[in-house]
Structure formats: C-alpha cells, structure tokens
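Chemist: Here are the chains, one letter per residue:
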Amino acid sequence: MDADYLQVTGLTVSFDGFVAVDHVDLVVLPGDLRFLIGPNGAGKTTLIDAVSGLVPATGAVEFAGQSLLGRKVHQIARLGVGRTFQTATVFEGLTVLQNLDIAAGSRRRALSLLRRRPGVPEEVAATLETVRLTELADAPAGTLAHGQKQWLEIGMLLVQDVQLLMLDEPVAGMSAQEKDETGKLLQRIAEEHTVVVVEHDMDFMRAFASSVTVLHAGSVLSEGNVAQVQADPRVQEVYLGPGHSAAEAEAVFTDAGDGR
Amino acid sequence: MTKLLSNRWAVLGGFAIGVLVLFVVAPATLSGFRLGLLAKYLCYAMVAVGIGLAWGRGGMLVLGQGVFFGLGAYLMAMHLKLADAGPGGVPDFMALISSDGVPGWWEPFRSPLVTVVAILLVPALAAGLLGLATFRRRVRGAYFAILSQSLAAAFAILLIGNPTGTGGSTGLNNFRGFFGFALNDPVNKQMLFFIAATTLLVMVAVARQLMVSRYGELLVACRDAEERVRFLGYDPANIKTVAYMIAAVMAGVAGALFVPIVGIISPNDVGIVPSIGLLIGVAIGGRTTLLGPVLGAIAVAWAETTLSEAIPSGWIYLQGFLFMLVIAFLPGGLASLSGGWRGFGDRLRRPRTPSPTAPLPAPSGGN
Chain W
1 MDADYLQVTG LTVSFDGFVA VDHVDLVVLP GDLRFLIGPN GAGKTTLIDA
51 VSGLVPATGA VEFAGQSLLG RKVHQIARLG VGRTFQTATV FEGLTVLQNL
101 DIAAGSRRRA LSLLRRRPGV PEEVAATLET VRLTELADAP AGTLAHGQKQ
151 WLEIGMLLVQ DVQLLMLDEP VAGMSAQEKD ETGKLLQRIA EEHTVVVVEH
201 DMDFMRAFAS SVTVLHAGSV LSEGNVAQVQ ADPRVQEVYL GPGHSAAEAE
251 AVFTDAGDGR
Chain H
1 MTKLLSNRWA VLGGFAIGVL VLFVVAPATL SGFRLGLLAK YLCYAMVAVG
51 IGLAWGRGGM LVLGQGVFFG LGAYLMAMHL KLADAGPGGV PDFMALISSD
101 GVPGWWEPFR SPLVTVVAIL LVPALAAGLL GLATFRRRVR GAYFAILSQS
151 LAAAFAILLI GNPTGTGGST GLNNFRGFFG FALNDPVNKQ MLFFIAATTL
201 LVMVAVARQL MVSRYGELLV ACRDAEERVR FLGYDPANIK TVAYMIAAVM
251 AGVAGALFVP IVGIISPNDV GIVPSIGLLI GVAIGGRTTL LGPVLGAIAV
301 AWAETTLSEA IPSGWIYLQG FLFMLVIAFL PGGLASLSGG WRGFGDRLRR
351 PRTPSPTAPL PAPSGGN
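Line by line, the protein sequences give chains W and H.
Residue 143 in our numbering sits at position 143 of the first sequence, with consecutive numbering throughout.
Residue 109 in our numbering sits at position 109 of the second sequence, with consecutive numbering throughout.
Keep in mind that the hints were calculated from the coordinates and are not lab data.
Take the hints with a grain of salt, since some may be wrong.
[Stated by the list, open to error] One side only, chain H facing chain W, incomplete, derived with CB under 7 Å:
#, residue
1, R214
2, L218
3, A221
4, E226
5, G314
6, L318
[Unchecked claim] For each label pair, taking beta carbons as the anchor points, the in silico distance ranges come out as:
#, chain 1, residue 1, chain 2, residue 2, range
7, W, V120, H, I327, 29 to 39 Å
8, H, F321, W, Q66, 53 to 63 Å
9, H, L20, W, Q177, 53 to 63 Å
10, H, Y317, W, G173, 46 to 56 Å
11, H, G32, W, T143, 44 to 54 Å
12, W, A207, H, M324, 49 to 59 Å
13, H, A142, W, V120, 35 to 45 Å
14, H, A142, W, G70, 25 to 35 Å
15, H, L96, W, R115, 52 to 62 Å
16, H, A142, W, H23, 32 to 42 Å
17, W, V120, H, G180, 32 to 42 Å
Where a beta carbon is used, it is the ideal one built from N, C-alpha and C, also for glycine.
Make a model of the complete structure from these sequences and hints.
Modeler: Here's what the structure looks like:
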C-alpha cells in the first residue's frame, strides 16, 4: 500500500505558449482526502487532465511506482487511475446497471464480451448499494437527477477498481444533504484509496478535506490542513485582495460556498 | 427473469415468423422473377444489418459500404468468370479486349475455397486496417462519413480505370454457373433465394447476440460518450473497429450473393449513390433497432422497383424526399412508431424519452 501514492514533480502544461500549470510538485498519500482549490483559471482541472492523460505535459507523474506521463488515457486508467468530470458524464442511453457493468469490465477478456451479462455481478450490486441506486438499477442513466448522476459517476470509479480517484467538482449543484452524504462517502473511500478532489465549494472543503493544496496561476500557492491554508496570508490575498483581517478571511471562506 | 424469458420467446417467435415468410409464404406466392427480386432485396438487407450495427449502435456513419459490398461481389464474380471459362481458360470479356491472358492476381480465385475465404477475409482486413487507422486518430462524425464516402468513389474509379482486370464500367456479367450449378435453372435460382434467406437470418441472429451482449452495451457507450469510455480503461478505437469489421463482412457476403442472384456487378452497384441508397433504408427503418434496418432496406428496394416500373424517373426524388422526411421528423426511423400512434404522440411530447415498448432491451435514443 505504501507504494500507492501519487507523486507529481515539476508538472508543466502549456497551451500554445500559455502556461496553465507551472512546475507543480504534489504528493498525495493513500488515506488522504486532498482538496485542490484555487480561483478560476488556477489550473486545477488542467492538473488532473494531465495526470489522467487527457492533455500532454512535461515533468513527472508517478502513481504506485509507474510513470503516467506519455501513456494513453485508457492505459493510465488500467493502471488504477480514475476520474470524473465537471459535468457528470454517464452513458445516458444505458441503464444505471449497464453503466456500472461497463465500468467494472475493462479487464474482462475480449471474447467474454460477446456473451450476455449473467445477472448482476457482485461488485456492481455492492456499489449500487453504496451509491444508493439499487432501486434505479434498470432506469436509463439519462433520467437520473443531477446529484444521482454524480453518485453514479463515483460508483463507476468504485467498480472500476481504481486506487487513485480524481473528482472534478463532485458536489456542484447538490443539495446540502446530498453534499453531506457525498462527503462522508468520499471519506470512507479515502480510507483505502488516494483521493483528489477539485472543488470550489469552501463549506464542503472545510467539512471534509484532510489536506488542501491551493493553486494560483498554475503554481502551488499553499499546502497543509484546512486551518493552515486558511491562515496563510498569501491565500487570503489571492481570495480577498491585499489588506484585510484574518477574521474577514475566515468569514469569506465560510461564505464562499454559498456564492457558487 | 420473466422479462428476459418473454423477451427470449418474443425473439424465437420473431425468427419463426421470419422463417415461415421466407421459406414457405414467399416461394408459394411469388413468381420466379419476383422471388429473384426479393433475393436481391435480401442482399441489401444483409448490408443493412451491418450498417445498423456500425451506425445505429456504434455511431459510425458508414457512407461507403459499397466498397465492402463490391469487394465481396467482385471476388465472387471473378471466380464465377474463371469457373465458366474452365481450367486454364480465359474469361470471355478478357479475351475480347486483350491477348495477355488472365492476370496473375486473378489466378488464386480459380479455387472455390480460396474465393470463399477471401470473400470473408478481404473486407474484414480492409475494414480492420481502415478502422484502426482512422479511429486511432480519433477521426469520427462527419469526417469519418466523408472519408468512407470518398473511398466508395475511389473504389468505383479504380474499377472503371482497369477494364482488363475488372471489366471497366460494364463490370462483370453473363455468369453461367455457380459452384457447378447452372444459373439458368429455376430450381437453382430458388436455391439461391434460400441461401440468401438463410444467410440473412444468421446475420440477424449474430447482430442480436452482439446487441444484447456486453460488447453491444460497450458499443452504445462508445457512441454516446466515447471519451468517458477511454477513462474507464477501454480503447474505443478497438471497440469501433470490431463493429466496422463485422459490418464490412456482412456487406462482403451480401455482395458475393448478389452476383449469382442478379447476374451482374458493375461500378454502378458499388459507388457513392448505391452506398447512400443502402443507408437510406436503414435510416427509414430505424437504425438503432434490430429489424428496422432489415425491413427498411427491403421496403425501400421494393418501393424502388415498383415505382420505377410506374414512373421511371420519379424514384430518385421520392427517395430523397423520404430520407429528409425521416431525418427531420422521425430520427429514430419507422421503428420508433412501434408503440402505435399513442407512442408516437408520446414521442412528440417527450422526444428524448426512450419508448418503453421498443422491441429491444436497449432504448432507441439517437446519438
């Protein structure tokens, strides 16, 4: 298990000369629930795009001793790296069960794919319970409510049996109660996995993060637990502009989630 | 479980009806001439089964299936011409325009076995190479459609430009035998119809198995959100290439049967216009369903013959009109009407909700 950590060293992503991620170093250990925060354009999503192979990058990314940079998206996924997207992307024409079954199956042998699915695989049934979609197993994923789609995406990551989960704004558009349940689910998952969450929702971050990395203009601005990051004057400056008290910062961090 | 079972019974019942219609009703009621025409439509329906798989389920708009149809057809036609000429003989059209004898690349097709294997393998290999080359580079959507269509054009031009090898724009015709059976014998003609009917039923069964299998679910997933499939650890290029290859083999076999049934194959049967013609039946019938493409292709081909007999020049306009009508108002094809008019009304009100009475386990949503 010790080897299953994410190590990012000097990661740089540039688009036609614009540097979106600039020499970022990052280490996330298993059991950590790491939040990536930062203003719009800080490079949070680009960072996980680079780790998951969606955009080319320079530097080094290692997970569980394997170098990820330069590999294709599906090869990285097979090494145990999974991610979700800002807009929940599920297969809308397929049922919830079919969505999960596909997510569970990338290691199946090609010929076994030609057979019909024999009932509900064990791990899929367990995940349906975990994400509370058992009742809706046969419903087309396109008919799910927004929050349920996000849960289905998390469920797809779980059955995919990945060790590193990267979630891009998993609670956007959720109700307070849904956010709470999602947070608890992520904490449970983080006990045995390495979890990275990109999030704008400060309330959610404060409630569930075990560590936080603040990105600004493509670089790491601050890193630590929630209290340390909140107390960091550089972070306060980025979020508030110069010249303000720590109490003001506290207030804004608390309220920021409501404004989003 | 009961749903699965009733589904099974419905499928078996459907096949029984198909067998009854094709093997009992059709031969008893149709004249030899009409039966021959129906056999030709069945060949188009075979191509349609493949298009339904690649386009309807896989989202690949295959506008150039005429290429694979033509590959199968020309391979079969070459063998029939060589067999007619006898051992070591030169086919009649070649002897007329050149004195060089039979080209070297024709020789292997004197053997019936090599021909049959080639009819299965050549379209599969061509589609496999083409599919990997394009899908790996993430060519899709309209770009893939244009590419496949231009291939059909190039293929037709290649055939026309090589009169000694392929008969040029006249193509290959005037076949006398089919693996030792005389083609002018009505009994053998009926047998060809039965072969075509059996082949079609087998293809429909294969397509159904693929649709309900895990592979079929994966293919629909690729159609709806290809990028997401990638992040689950699959390479969509491989998944799509397999469907494209199966569609190509179906088109190749259809072409090979078309040759003895119709008695001629020419560039006019494989270029852009016939390739689109093959697609129209699939669109009208309902591309995402199992039987929609088959029935659509047969209906369109039948309508073409009937209307061409009455108003020779009118068909092409009606075909275009039908195509536009279906694309504009019934994107799911006529199969989306299977729920009756009430279902149609529901669709108008909630066009994105899949019909619960769809004949297949998977919904008929578009891409």
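Chemist: All the hints need checking, so say for each whether the structure fits it.
Modeler: Status of the hints after comparison with the structure:
Against a cut-off of 7 Å between C-beta atoms, the interface hint on H/R214 holds, since the closest Cβ of chain W lies about 5 Å away. Checking H/L218 against chain W: minimum C-beta separation of about 6 Å stays under 7 Å; hint holds. A distance limit of 7 Å between C-beta atoms decides the matter here; for H/A221 the minimum to chain W is near 4 Å, and the interface restraint holds. With 7 Å as the threshold, the beta carbon of H/E226 stays out of range of chain W, its nearest partner Cβ sitting at about 10 Å, so the hint is violated.
Taking 7 Å as the C-beta contact cut-off toward chain W, the hint placing H/G314 at the interface is violated, the least distance being around 38 Å. Interface restraint check for H/L318: the shortest CB-CB distance to chain W comes to about 32 Å, outside 7 Å, so the restraint is violated. With their beta carbons about 38 Å apart, W/V120 and H/I327 fall inside the hinted range of 29 to 39 Å. For H/F321 and W/Q66, the hinted distance range of 53 to 63 Å is satisfied, since their beta carbons lie about 58 Å from each other.
At roughly 58 Å, the beta-carbon separation of H/L20 and W/Q177 lies within the given 53 to 63 Å, and the hint holds. For H/Y317 and W/G173, the Cβ-Cβ distance of about 50 Å falls inside the hinted range of 46 to 56 Å, so the restraint holds. A beta carbon spacing of about 52 Å between H/G32 and W/T143 agrees with the range 44 to 54 Å that was offered as a hint. A C-beta distance of roughly 56 Å is found between W/A207 and H/M324, which places it inside the suggested range of 49 to 59 Å.
H/A142 and W/V120 have their C-beta atoms about 39 Å apart, which keeps the hinted 35 to 45 Å range intact. Evaluation of the 25 to 35 Å hint for H/A142 and W/G70 yields a pass: the beta carbon distance comes to about 31 Å. The hint said 52 to 62 Å for the Cβ distance between H/L96 and W/R115, and at roughly 54 Å that hint holds. In this structure the supplied range 32 to 42 Å holds for H/A142 paired with W/H23, their Cβ-Cβ distance being about 40 Å.
The hint said 32 to 42 Å for the Cβ distance between W/V120 and H/G180, and at roughly 53 Å that hint is violated.
When held up to the earlier numbered hints, the structure conflicts with 4, 5, 6, 17 and fits the remainder.
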